[in-house]
Amino acid sequence: MTSGDTTSGEGLLESLEHMGAAERAEHDAEVSAAVAPGREIAVGQGETLLAVDALTVRFGGLTALDDVTFDVRRGEILGLIGPNGAGKTTCFNIMTGVYRPTSGDIRLEGRSLARMKRYRIIQAGVARTFQNIRLFGAMTALENVVVGTDARHRTSIPGALLRLPRHRREEREAVEKAMALLEFVGIAHRAADPATALPYGDQRRLEIARALATEPKLLCLDEPAAGFSAAEKDALSELILKIRDDGYTVALVEHDMRVVLGVTDRIVVLDFGRKIADGLPDEVRRDPAVVAAYLGGTVEDAEDQEP
Amino acid sequence: MRHRMSQISAFWNARSRVQQWGLLVPVVVFLLWLPVLNPPLITTEPATDFPIALFNAAVLALIAIGLNVVIGQAGLLDLGYVGFFAIGAYTTALLSSPDSLLGVRYPWLVIVPIAMLVTMISGVILGTPTLRLRGDYLAIVTLGFGEIVRLLADNIDPLRGNRGFQNIARPEATYPDGSPVFSQTDVLGFYWLAVCLIVIVLMLMGNLERSRVGRAWIAVREDEDVAELTGVPTYRFKIWAFAIGAAVGGLSGALFAAQVGYVNNQRFDVATSILYLAAVVLGGSGNKVGVIVGAFLVSYIPDRFQFEPQYRFLVFGLALMVLMAFRPQGLLGMRQHLLTYGRQAYRRLFGAGAAVAPTGMTASTRAAGDLPEVKPDDHAGTSPRGGGE
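Just so you know, the sequences run in chain order A and B.
Each residue of the first sequence is one higher than the one before, starting from 1 at the first, in the UniProt record's numbering.
Each residue of the second sequence is one higher than the one before, starting from 1 at the first, in the UniProt record's numbering.
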């Protein structure tokens, strides 16, 4: 990655720094109004949004997740961490219907997602990004985001064929909303570029915009900081906080502890498919089982090392 | 060539809507006039009647547009497309030929929607079990479908096998002097009808392309899993791609049957399916205008240069190999405009008159013609892209 790439996604942030505080608040409100129309910010904050209940996933003889129970609460940023192969991405794959649980259940606002079709899960309100960026390469950045907005559209084939009024209204709104989202994540100036021509960091932001376009209740970010420089990680942390402040709930899988500890409200730790800790970032950081899992060795060893 | 193409594309997209219409109408008029003009060097006579050669090219173009929905847009490799063409032709024959057991003689205009509906349903029937398969597996099953249709025509007695159906209905219209527009001896009327149908189908396809339907197809083609995880009901839209592609195939079958006036089991083999595929790939899979160019070349060149029939596939095989080596995206690269109001959005971003190529877009970064030019539609229901963007 070149140094030019690292700055290009931050144009909005820079311009925001030059605004006055009042101006900035107003600008933010405008953008969020367009991004999330009708969103009830902070309603029912803290209650359970997604419940993972005794979830077990086996692939043949391998147990990827073993009786894992935790919940994601409305309006929080939940960190999902653990060493490689702990089952974090598997957990996301269950949440979005890529895999089906062997046993146990997963419920969004009380509705089970375990047997729901994948596109229905999106409509129910769980969106995700991917560890290895997966954009629609033949589309522009704007078109990628509009595909996300289509998840909420009702235009039928005849409606599109004959350009009926609903089609025209939805198309107009989709472009507006997608542009607002691109601005929200800071890459509006890249709207007309093919997705694959964007620098790496902007592609990650584009994935986030596309996921947000589906109007999720829960946004799952799978290692969004992978391959980022320190400055980019800071900008990303800021964006994640901004997304939370806009009323979304975020689940974050991430290896970079600075990012995780910097943004999360709560952390769940997995190791070899089992949950070994669940709590506030500070508690988790000091948890002997977590230290042992990360540094290797036994819990006793880790306790010995604690000051 | 790539540079030239992107220049043309940039020029085209800098035109206003009215200017685009102004450029397109003469092109369509010229195409309609071409068989009357019968220009030397271009004409296929004396070997083949020039209007017949053009009509055959136009039918192939219509087929290619339909197949392009399936292959170019949704990315589903269909090797049995000739089956839909056959179903369209046989439906027309069964509903109008005196040889048919049904004993009805419907006018052609009534038959066309029926034929399209029948092929659409057969597309859904083929798609429902098979579209859970991907890639090569899907190709093999569709290949089987094409063969099944042909074998049914061979072996089911009411379909009359090699004997075929005579006196199939043709559209009814007369010139002011009372002579029929559509007749066995005069192909001109059929050619004009084919060009008009192409224009209409292109307009409708353009509308679909710039809607959530077109975007869903491209998303499926690009990454089916991610499409589904972005909320696209992929299975449903794949079936729609099959059904819509099939309907256009049925339309071309009905047109073909009407012109020839005779249908039997001789034209619907696998090799014909491959020829359709060649037209799409040659012209540029995913590009509506490209596939028309491809279809024209596949149909016209053998007529013009009078290959022995058995050399036809040799020549196209070689041509395709050369093309794939030097220009794998086809003569005209893939390009789609997926937003109805995209141009306004981009223009607002980059200022009036800069609808194309804001940053980082050079001919080298993408295939020619792939600039994110966008066709907005200020006028609902009309699209100037019909005649040949």
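Think of the hints as simulated: they come from the structure by calculation, not from any bench.
From the three backbone atoms N, C-alpha and C, an ideal C-beta is built for every residue, glycine too.
One or more hints might be untrue.
Said to hold, decoys possible - Ranges of calculated distance between the beta carbons of each label pair, as one might list FRET restraints:
hint	chain 1	residue 1	chain 2	residue 2	range
1	B	Gln166	A	Arg169	48 to 56 Å
2	A	Pro158	B	Leu102	56 to 64 Å
3	A	Ala231	B	Ile125	34 to 42 Å
Claimed, not checked - Only some residues are given here: those of chain A computed to face chain B with a beta carbon under 10 Å:
hint	residue
4	Gly60
5	Tyr119
6	Phe136
7	Ala138
8	Leu161
Check each numbered hint from earlier against the structure, then list the numbers of those it violates in ascending order.
2, 3 and 4
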